[in-house]
Amino acid sequence: MRPGRALWIGVLLAPALATMLLFVVWPLLGAFADAFYSFRGLAPDRFAGLTNFQDVLFAEPWRSTALQALRHNLVVFATLLVAQNGLAFLIAFALLHALPLHRLHRVIVFLPVLLSAVIVGALWKLLLHPLFGAVNAALALLGIEGRPWLGDAQTALGSIMLANGWHWAGFPALLFLAAMQRIPREVFEAARMDGAGAFMILRQIVWPLVAQATTIIFTLTFIGSFNWFELPYLMAGLAGSPGGATDVLGLFFYRTAFGSVSSGLQDFGHGSALAVLMFVFLAASSAVALRFLRRREIEI
Amino acid sequence: MHSSRLTGWALQAFLLLNAIFMLAPLLVMALSAFKTNAELFAAPIAWPEQFSLDNLRLIWRETNFPRYMLNSLEVTAAAMAILLVFATMASYALARYRFRGRDLLGLLFLAGLMVPLKLAVIPLFVQLNWLGLIDSRLGLVLIYVAMGLPSAIFILTGFLRGLPHELEESARMEGASELRVMWSVMLPLARPAMVIAGIQNAVPIWNDFFFPLVFITSDRLKTLPQGLSVFMGEYNTDWGVLFAGLTLSALPLIALYVVLSRQFIAGLTSGALK
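Order-wise, the sequence lines are chains A and B. FYI, in the working numbering the residues of the first sequence are 1 to 300. FYI, in the working numbering the residues of the second sequence are 301 to 574.
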């Protein structure tokens, strides 16, 4: 290759590469390194070995908080996986039929996806207000007694998941729809000739043939559920009120790293240990899940 | 796909119910923006008695809301400009030239798609602090560029790779420089991919709450989502103003979406599809 050409390629690549190294690769390596130090303020103080990890996993008060948060993340993941994506799958199947207004429905379904989590969180917090919220007012019209949805430990996490479903369902719906539209028409026609009903077609044809989209949606739901931060932060606060009923790992990590409202103390060592554990957990589980899910995929 | 009439009715009913679920909260939000507190507390779901503009006027005149919006606009525009230039340059090199280490570099950029950068926020904080970029819009812009590069490079490289070689070769035969070939021959063809990559990154950057929350402390530098969350605390008893603030914040993207819904849907879902 001529030296001029090599220089030209270098010039093209340098800015992107430098940005990635400086703001992604280096911080990521840094996160791993920081986890092994105890911090004084913003600077690493002394090498702490595995102490940070041991503390976060086995010492109180970290241990029980971490376990409770992890449990909530698992609940959130399982619920969103089934309820949010199930709704999305049905929406996609309905949109596939090219019924009257289907273009408008497609636009409507995707509308909330554009909004920032702050708008969604704040709006739903107002809608779910026990006295003046629209949700309880609407329920009263139907003769159902309302509740303090976000104030009650029984319903708080579920209410935030409802807001999340409203915000995001359109995204997996349109991924499913794109996958369904790639299924050849003849397949549906042949099935109908054989007398298959809508449910049979859904189960026996659509579901197995959109496996590729399912893999992607599963992975996105998994990563999203374990990085969940904005909505619980905005709707339930940094402590996951009431009484930790909505605490998740994202909130716990943020409180540990940057200090809670009451303490205001930064603890970058323990925070980094948590971040590393979450990162390793996410990477390892997605790798395993991907291997498993890829096997079900069928090329169309 | 065709279906029996009964199935068709059932599915249409389901879609209508879903549309109500999706739109009702936004309708309540928009209508409440024109109501007084007394009206809101008396009847949360009702048509406004008179469309009062007081809430909107108060926000525009007496709060930092316009400032927040301008900050978001500046940060998003700057990040998008830098991101698209850097990503296009790198993608062009990866897609149109053969050189040693190309596949490895491609993989490095691709791996960035998998990294949740939120988890590296502590070292990012230390690093920005060292660079003097805490509480600065430039710091935010740089993080957004880094965050967006993998997906933008993924989309642009895929597209640029598919362009035919003949145009490029004939321009070279006529003695055009590599820069000239890229700028005048190839890049004009890549515009659709740039729009997709642009929308895909502009929306999350415009909406981001997490990084400003960590890195920006001065009120005059806050972005719209972050400013909005402050504002929700300050006016927490003045519901009319709160709803008006939410409506105003949602308006720019919704207006754009109504005009460009096809591009928005394609842009935002394309990163997840092959």
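By construction, these hints were calculated from the structure, which means they are not laboratory data. Yeah, the Cβ is synthetic: ideal placement off N, Cα and C, and Gly gets one too. Honestly, I wouldn't trust all of these hints.
[To be verified] Pairwise CB distance ranges (calculated):
| no. | chain 1 | residue 1 | chain 2 | residue 2 | range |
| --- | --- | --- | --- | --- | --- |
| 1 | B | LEU316 | A | ALA14 | 51 to 57 Å |
| 2 | B | MET414 | A | ALA18 | 17 to 23 Å |
| 3 | B | TRP430 | A | ILE144 | 53 to 59 Å |
| 4 | B | GLU349 | A | GLY41 | 41 to 47 Å |
[What the hints assert, rightly or not] Sample of chain B residues facing chain A (criterion: CB under 10 Å; computed from the structure):
| no. | residue |
| --- | --- |
| 5 | ALA342 |
| 6 | TRP347 |
| 7 | PHE409 |
| 8 | MET486 |
| 9 | LEU489 |
| 10 | ALA490 |
| 11 | MET494 |
| 12 | PHE543 |
| 13 | ILE565 |
To see whether the hints hold, each was checked on the structure:
no., hint, in the structure
1, B:LEU316 - A:ALA14: 51 to 57 Å, "holds, 54 Å"
2, B:MET414 - A:ALA18: 17 to 23 Å, "holds, 21 Å"
3, B:TRP430 - A:ILE144: 53 to 59 Å, "holds, 56 Å"
4, B:GLU349 - A:GLY41: 41 to 47 Å, "violated, 55 Å"
5, ALA342, "holds, 9 Å"
6, TRP347, "violated, 13 Å"
7, PHE409, "holds, 7 Å"
8, MET486, "violated, 12 Å"
9, LEU489, "violated, 17 Å"
10, ALA490, "violated, 14 Å"
11, MET494, "violated, 15 Å"
12, PHE543, "holds, 7 Å"
13, ILE565, "holds, 6 Å"
Checked against the numbered hints above, the structure violates hints 4, 6, 8, 9, 10 and 11; every other hint is satisfied.
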